[in-house]
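> Listed here are the chains, written in short residue letters.
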Amino acid sequence: MQPFGLSFARALGTVALGLGLVLPGLARAQAPAGAANTFDAVKSRGQLVCGVNTGLAGFAQPDSQGVWRGFDAEYCRAIAAAIFGDATKVRFVPTTAQVRFTALQSGEVDVLSRNTTWTLSRDTSLGLDFAATNFFDGQGFMVKTSLGVKSAKELEGATICVQPGTTTEQNLSDWSRANRIKFTPVVIERLEEIVGAYISGRCDAYTTDVSGLAATRSAQPKPDDHLILPEVISKEPLALGVRQGDARFADVVRWTHFLLLSAEEFGVTQANVDKMANDPRPEVKRMFSKDGGLGPMLGLPELWAVNVVKAVGNYGELFDRTLKPIGIQRGPNALWTTGGLQYSPPFR
Amino acid sequence: MSQTTIDPRSLRAPPRRPLRLSWSDERVRAIVWQVLVVGVIGAIVWWLWSNTVHNLEVRRIATGFGFLGREAGLPIAESLIEYSPTDTYLRALTVGLLNTLKVAVVGIVLATILGTVIGIARLSKNWLLAKIAAVYVEVIRDLPLLLQLLFWYALLQGLPGPRQALNPVQGVFLSNRGLKLPWIEWQDAHSFALIAFLLGAAGTWLYRRAAIAKRMQDGRPRAVWPVAVGAMLVLPVAVWAALGAPWVVDWPALRGFNFRGGLNMSPEYFALLLGLTLYTAGFIAEIVRAGILAVPGGQWEAAQALGLHPGQVLRQIVLPQALRVIVPPMTSQYLNITKNSSLAVAIGYQDIVSIANTTLNQTGQAIEGIAIIMLVYLTISLSISFFMNWYNARIALVER
Ligand SMILES: N[C@@H](CCC(=O)N[C@@H](CS)C(=O)NCC(=O)O)C(=O)O
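For the record, the sequence lines run as chains W and C. At position 240 of the first sequence the residue is numbered 240 (my numbering), and the sequence of numbers has no breaks. For my numbering, add 348 to where a residue sits in the second sequence, where the first one is 1.
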């Protein structure tokens, strides 16, 4: 995006956090303890501010018209559709791995939909809450095919590119210690720069979430020149993040995700969602009819479920549209009914 | 800046008047205003502080510096001290601080040398030399530093990989992994020899001072160089030899993916150092040029009339006088190098900002992290300012 905006953007983010914490008016308006919460703030603003990554094919990347495309971007639209019945009421804010939490804490964004791993410390001392895991992932390595490496175990002595402020960075340290593999890190904040360093040969390998590797690989002129090694060295449940203690808004985000899963489970698609109000299955009818009563329980319009599925489709459709083209399989992200991990609690 | 001359009138105390408790008394007014201003500022600070604490509590964000003792887990590529990811955040931040100093100190020295040379070249009678220097200054100062850093970094990444490394001389390799040089295996004997050298240098300096003082008395010149050679060369070598003269060369060699052994200069450090040096040298050149131009032409002519050759005129007559003009603005250039070194994050050199940012991201303690960064820069900047002010006072014109 903005090639030189990096340090500046971070500085702004940090200052914003500082101000957010220091100035009472600004900060208390968003303080979760009071009556005012993010949900009300978003509604009265008439727009959802969604923190996405700075440009990762398949997840969130502006297309040639500047429209954000990808899995994470569609989740932002789904939440907006749930709240406003209008998927376009979203402002996308690109955040690097390092500034994302500051951006959320300071109130610069309402929700993080950007390859963020759910961990204990982030859930507690960083002041975040994770609403739902929308993509189960793990960390891997990518090398150039020409290097002749077939396994991560052969990386002894290698130089490895990694983004700072990620679980990736910490997992890499743990893994190298556990496997007694020494490596030299190259740590650059901006995604473009770190990928550039890998491509130029500054690093022998690039490590991040396997989905991120697949996305980067697919964006190269010759994807076949790059090999994702078979080892997956960590669990990376990528989750939607909100501010800690923001329970109502967290519910909205969480149930939007579950709605996408349930819609897939029941075969509800973008094309047939309008007909579901009269579906013989009680749960489906409850979800998609005008008097199901579920939306108001979340503080949402009655037809929120119809609006969401109409805007982005069900989880499977969304996945196939955004991630399948870059070669990512459902794998653990298949529904539980087909042996995957994606599972929605009942809508009642 | 130091006050070198004192207006004698300021030493005379004004006549004392009794304090009248009335608004018309200037001193009463002054006291009231000052108490008011301090009070308001104090209240604002207290208010901001209590809000911050309240907001952090509400958001349940961790506070305090307890995190400094926890395991950092972050990989750091280059470090002047022993470091592994199992060390604490405190140690990781120390590594970052040393990395900042490493680039700032070397950058200051190199930029000063280069800037002085270019500044003098701009005043050269050689047309081509003067023009080249002028173009350099214009171009370098007009391009944003970040752009220059990215440019140098991209250029260094364009070097061949380690297996095709350029190998101009035996043991020297240049590749996209950096510059590899042979180095000796450092042992205690080398440390002691280094200490001997430093003591020798101090001794030489003291001797030189004494020699000049004596010359002032009897007019006889005394050669300093035999003492210098003895104290700074013979002594360290003797110490080293007495300790067994260890000399094992550590040759860099390609093993697996990378070079092992030898001394390494990473592309990140090199790009940052190069960018900072070339950029700041452009500004220093202008300061030096202005300083030299500030010395009246009569000084040149008078010195030449005494039979000094141009080099002597420059070194002994002009530069010492120019220094008085040069030093104050130079201080801000040194401060700039230090502060600009924080652009390191863009090209992956792990300085204090880079490591504090990662720490801040992992612990969520933004306020503490920023406080640490500010403290570090403040301390470095104040140290530079104090030193330069001291130096400035030392070289100031002594009026007799
Ligand atoms: N899941 C990891 C890594 C997340 C991450 O930042 N991944 C990279 C590579 S997949 C990314 O999305 N970068 C985009 C950016 O920095 O804009 C975490 O939460 O720490």
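Think of the hints as simulated: they come from the structure by calculation, not from any bench. From the three backbone atoms N, C-alpha and C, an ideal C-beta is built for every residue, glycine too. Hints are not guaranteed to be accurate.
Residues from chain W that keep clear of chain C, each with C-beta distances beyond 12 Å, as calculated [said to hold, decoys possible]:
# : residue
1 : Q170
2 : N171
3 : I199
4 : K222
5 : E231
6 : Q244
7 : L341
Partner residues aside, some chain W positions facing chain C, computed with beta carbon under 8 Å [said to hold, decoys possible]:
#  : residue
8  : Q98
9  : E169
10 : E189
11 : T337
> Taking the earlier hints as the rules, which of them does this structure contradict?
The structure breaks hints 1, 2, 3, 6, 11; every other hint is satisfied.
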